[in-house]
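Just so you know, the sequences run in chain order D and L. Residue numbering for the first sequence follows my numbering, starting at 1 and increasing by one per position. Residue numbering for the second sequence follows my numbering, starting at 1 and increasing by one per position.
Think of the hints as simulated: they come from the structure by calculation, not from any bench. Even for Gly, the Cβ is constructed at its ideal location relative to N, Cα and C. Among the clues, some could well be false.
[As the list claims (entries may be wrong)] Computed from the model, here is a short list of chain L residues facing chain D with C-beta under 7 Å:
{"id": "1", "residue": "R8"}
{"id": "2", "residue": "G13"}
{"id": "3", "residue": "T44"}
{"id": "4", "residue": "V47"}
{"id": "5", "residue": "I78"}
{"id": "6", "residue": "T81"}
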Amino acid sequence: MSKAIQKILVANRGEIALRVIRAVRDLGLKSVAVYSEADQESLHVRCADESLCIGPPASSQSYLNSQAILDAAKKTSADAIHPGYGYLAEDAKFASACQDAGIVFIGPRPETLLLAGDKIQAKRVVSQAGVPVVPSSQDNVKSIEEALDISLKIGFPVVIKAAAGGGGRGIRICSDEKALREEFLIARAESKAAFGDDALYIEKYLVHPRHIEFQVLADRFGKIVHLGERECSIQRRYQKLIEEAPSPIMTPKRRKIMGEAALEAARAVGYFNAGTVEFLVDEGGNFYFMEINARIQVEHPITEMITGVDLVKEQIRLVNGGRLDEGFEDIQLNGWAMECRINAENPDFNFAPSPGVIREYRPPQGPGIRLDTHLYEGYELPIYYDSLIAKLITHDKTREGAIQVMKKALQEFRIAPIKTTIPLYLKIMDDPQFQRGDIHTGYIKKFVPDDDEEED
Amino acid sequence: MGERVEVRAPMSGVFYRKPAPDQPPYVEVGDRVKKKQVLALLETMKVFQKIKSHVDGKVVEIVAQNESPLKDGDVMFIIETDE
């Protein structure tokens with residue numbers, strides 16, 4: 001390693017930019033904020049030691065403009081870039097460009113980003129390492145006969161997916177042969193229309209699976225550890241809404257087995273720095289590798305709450321050549337943490353976005369509460385960026401306790417006049433099924449019926 | 001003569017006349033439109049919504065500029081209704 005990092009440019013906005021800038025300052029290092037013309041009044045700009053405008057409001061011309069960000073790093077003599085999540089965080093080309101410019105990219109190596117970003121290839125590599133994956137066909141299933149053959153082999157229900165798809169698009173569930181025969185041709189036509197590519201593959205469809213992921217850390221010397229799991233089963237349209245750590249279904253034995261699989265997956269892609277290995281767990285407790293998220297994740301704070309490890313500081317320590325010593329081998333999990341992602345959306349009106357000026361802002365306080373947010377009274381939510389406005393995190397000795405603290409905190413939290421998802425979360429905290437930990441990735445339909453179809 | 005109907009932005013957002021940059025606009029001035037026909041897209045916080053005509057008629061004016069930010073209630077189109 002060359003000399004230690006002195007100044008870090010944070011290539012992001014909103015709550016995560018603030019979060020990273022605070023870690024940088026905690027470490028006694030200098031921080032640089034970058035911002036678009038729409039974010040001049042944003043809190044991350046005020047908290048950083050230096051700030052620089054990198055372009056117009058549209059993300060494509062600012063937060064996704066790698067050249068503008070590299071130029072900003074050079075101009076401010078930043079020796080490292082932290083990408084946060086989203087935007088350029090998993091962009092292998094950007095990570096390479098940083099390297100070429102002599103700037104440290106705080107994240108995995110470019111080769112790992114490339115591999116983790118290719119979901120099918122990543123699955124293949126991880127499966128070869130002996131980690132279970134959801135049974136599926138090869139990429140290109142050409143005929144109905146071939147599709148049927150595979151479906152009978154892996155067992156109905158199956159799901160037809162577009163190889164070029166993503167984010168839940170181009171997905172068709174088939175419960176039996178009749179449905180498969182009907183859906184296959186439609187799926188092919190749709191895929192062609194949506195992605196210009198009609199390659200399909202078939203996967204076993206898991207009924208009511210849970211989404212459980214493991215946080216991993218890897219140093220430059222090949223040591224990889226995990227920091228336990230997070231359960232993120234409460235989602236709407238593949239966007240997580242509520243996460244908790246640990247998972248209500250976890251036992252020490254299962255954690256040991258799944259944790260070992262997570263480490264195996266991370267090793268298989270040559271992982272470095274902080275990352276997440278995602279699994280689906282079916283009703284029988286079988287788990288299947290889904291993907292590796294090669295970045296710090298939105299829901300990272302719940303792991304921090306139960307482990308006492310600051311993951312962003314670790315990311316920086318690890319790029320500086322820090323080691324994962326024995327202390328990380330056997331991290332004790334302490335209590336229960338829960339996170340609600342508060343979005344500027346109207347849950348009573350199809351989750352329509354709700355931009356505007358925050359006229360009234362009163363954050364919850366008290367023991368066991370952490371709030372990661374960029375809101376303040378008088379702040380105008382830009383129309384250009386996503387609707388996440390706050391992450392409310394609670395921690396207590398038990399799950400029941402964490403739910404109680406969350407409920408009280410949600411009740412105390414006042415954000416007006418915009419609409420937020422707080423009322424929905426209050427209903428969930430009161431739901432006996434949720435309180436029992438009886439959740440799965442379709443759970444939210446209970447509160448948002450008829451939400452399957454794209455609105456026209 | 002029909003009635004002149006204003007189509008206003010239901011919330012603030014970025015106004016797009018085309019489904020994608022390399023495609024033609026949904027409508028031009030002079031086009032006849034049907035009720036529920038898509039006139040434009042409005043992007044608010046990464047969510048796109050279709051702006052549809054409430055009436056059968058003819059587009060007489062496109063007030064909003066392509067790719068410009070609009071405020072809640074800004075006029076986007078003026079449509080003259082059929083008899």
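Which of the listed hints are broken here?
Structure breaks hints 1, 5, 6.
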